[in-house]
Amino acid sequence: MRDAVIGLIGLPRSGTTLIHRAMAAHARVDGVIEPYQTRRASGYGITALADFLADHNIAADPGRALVVKETTTRAVNAQHLFELLGSAQSLGIYAGLVIILRCPFAAYLSQIEAARELWTEKKLTEQSAAAFDAFAQVARNGLREVVTRARRQHYRIISYEQFCAAPDTELARLMALIPYPMQPQQLALAPAEGGRRGGDPKSYQKGSEIIRMDRAGQVAELAHELRGQPLLPFFHELHHLCLEEACRLPDAAVLDHLTEMVLRRGG
Amino acid sequence: MGIGYQALDRKVVDYDMWFLDGGRIGLRGPRVRFEGTDYLCFIGAAQTFGRFVARPFAMQVGRVFGRTSLNLGFSGAGPEFFLGNATLMDIIRNAAVLVVQSMSARSVSAGIFRVAGNNGVAVFLEGPRRGQSLLAQQAYAALRRDYGEQRYREQIAAVQAQWVALHRELLGQTKARTYFLWLSEKKMGENLDLSRSPVGAFPHFVTREMVGEVARLCDGVFDATFEAMRPQPLVNDRTGELEAVFAADKFPDRPNALRALNTYYATQEMHDFATGVLARGLARAIA
Chain L
45 MRDAVIGLIG LPRSGTTLIH RAMAAHARVD GVIEPYQTRR ASGYGITALA
95 DFLADHNIAA DPGRALVVKE TTTRAVNAQH LFELLGSAQS LGIYAGLVII
145 LRCPFAAYLS QIEAARELWT EKKLTEQSAA AFDAFAQVAR NGLREVVTRA
195 RRQHYRIISY EQFCAAPDTE LARLMALIPY PMQPQQLALA PAEGGRRGGD
245 PKSYQKGSEI IRMDRAGQVA ELAHELRGQP LLPFFHELHH LCLEEACRLP
295 DAAVLDHLTE MVLRRGG
Chain D
11 MGIGYQALDR KVVDYDMWFL DGGRIGLRGP RVRFEGTDYL CFIGAAQTFG
61 RFVARPFAMQ VGRVFGRTSL NLGFSGAGPE FFLGNATLMD IIRNAAVLVV
111 QSMSARSVSA GIFRVAGNNG VAVFLEGPRR GQSLLAQQAY AALRRDYGEQ
161 RYREQIAAVQ AQWVALHREL LGQTKARTYF LWLSEKKMGE NLDLSRSPVG
211 AFPHFVTREM VGEVARLCDG VFDATFEAMR PQPLVNDRTG ELEAVFAADK
261 FPDRPNALRA LNTYYATQEM HDFATGVLAR GLARAIA
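Here the protein sequences line up with chains L and D, keeping their order.
Taking the working numbering as reference, the numbering of the first sequence is continuous, increasing by one, and the terminal residue is 311.
Taking the working numbering as reference, the numbering of the second sequence is continuous, increasing by one, and the terminal residue is 297.
Please note that a few of the clues may not be correct.
[Claimed, not checked] Have a look at the derived ranges for each label pair, beta carbon to beta carbon:
id: 1; chain 1: L; residue 1: 260; chain 2: D; residue 2: 73; range: 27 to 37 Å
id: 2; chain 1: L; residue 1: 307; chain 2: D; residue 2: 43; range: 19 to 29 Å
id: 3; chain 1: D; residue 1: 47; chain 2: L; residue 2: 173; range: 28 to 38 Å
id: 4; chain 1: D; residue 1: 159; chain 2: L; residue 2: 196; range: 51 to 61 Å
id: 5; chain 1: D; residue 1: 77; chain 2: L; residue 2: 196; range: 29 to 39 Å
None of these hints come from the bench; they were simulated from the model.
Backbone N, C-alpha and C fix where the C-beta goes; we use that ideal spot for every residue, glycine too.
Using the sequences and the accompanying hints, generate a full structural model.
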């Protein structure tokens, strides 16, 4: 029986791949990146843990943890991830959740860049009111799934910005959820032997460096351009929550605020 | 200073551990932000950490006064554990208010024992068991059995004297307003019955006179004796079912009837009681 199954979930372009790489670099962690998003075309949706492990050629070893990362690009990704965690719990295996937040304006800008430069699927390649509205709706819908089910397991909330500012203490905090002590190679983002790759190519382009791109100027300009957009206040509030609350308040208080935001601005 | 309790107890309580010093020092959560000197600091052992409780007194007192509260409770800790850690001593030195929980004198290096880990393990320095390390209670039982009653009594006197000396050293390094908290199921002086256990009851080997010596260096002593502590069923906080935290593979000597029962660590009732004692006692100092 596995020590733990941990789900990582965040908005697209929120540093989920980076944080997954760091966690999966532990010698006792097996990582799977975006199982449901990657195989969406075939309708992949295996959520029974035993079948999921077999499907990914991962043994049901005791003394090892499984960390599965997904994004809220599609709400069903989050639904499947929660079902997988529920399956682990039903088997008596400890399940935990890491919710990754990032300034949503920065995530949106990163999404546009990635769509242009990295992805074969050319969606949201240009900044526009329509593109912003589409991205913001996906964000809100995905977060609704997250806040609805997050409390079914123990959870941690981390902002990408705080992770980049203090990767050692933040990673130790996330690893304590499994709970394994952090290992030195994790901060070098060195994959464990036989480690799997996947997710954001940009994360791998940066190699072993944990660098936060400073987008403050771009974010201010973007927020100005988007004045009048109905979901702009939601983004402003989420921006404040990520940068001011996620690293300062207890996770329970942050999740409650996030829940209230999502429900209030439910559309 | 690791994640031992989180690993054992996580299905009952999520301690939400957070870290200092590049990830080397793990503290009981939830995480707090602290800067300057405007914070309350609580030092102690598993009782301060709040093993098996969701709301340890350190957290509750912080909320009562609306102040940042740092829980520096570590499994098995004694005063030398804190004195030996520069990061923790910086926090202790800079606190506005420091509350020192009554820690065991068994967690002190002196005489025949050097303590290890967070101070909860004793290493024999001489005699037939030289070099062996045992949990403190087992070590004192072995000492009594294998080295004789006189050596055992001399050892207790040695750690008692060192306990006082180490508290003097620790308290001498802080300018905080400092308070000593007696936290026990037993009244002072009633924790010293060595007929049933080689270490007596918690705080092991600590006498009224020792507390009196430390009290001279403090701004006050709070007595949170809670004689009504009842065994606590350990319950999975997600399923609501009993959880055998003390599993047979890890705790082979523990009776099966006690695998899902806490009969030792301060329960939530005791933490709530201690919170009341501290809130009343600290009101003037913090105001």
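Results of checking the hints against the structure:
no.: 1; hint: L:260 - D:73: 27 to 37 Å; verdict: 34 Å, holds
no.: 2; hint: L:307 - D:43: 19 to 29 Å; verdict: 27 Å, holds
no.: 3; hint: D:47 - L:173: 28 to 38 Å; verdict: 50 Å, violated
no.: 4; hint: D:159 - L:196: 51 to 61 Å; verdict: 56 Å, holds
no.: 5; hint: D:77 - L:196: 29 to 39 Å; verdict: 33 Å, holds
Violated hint for the displayed structure: number 3, the only one.
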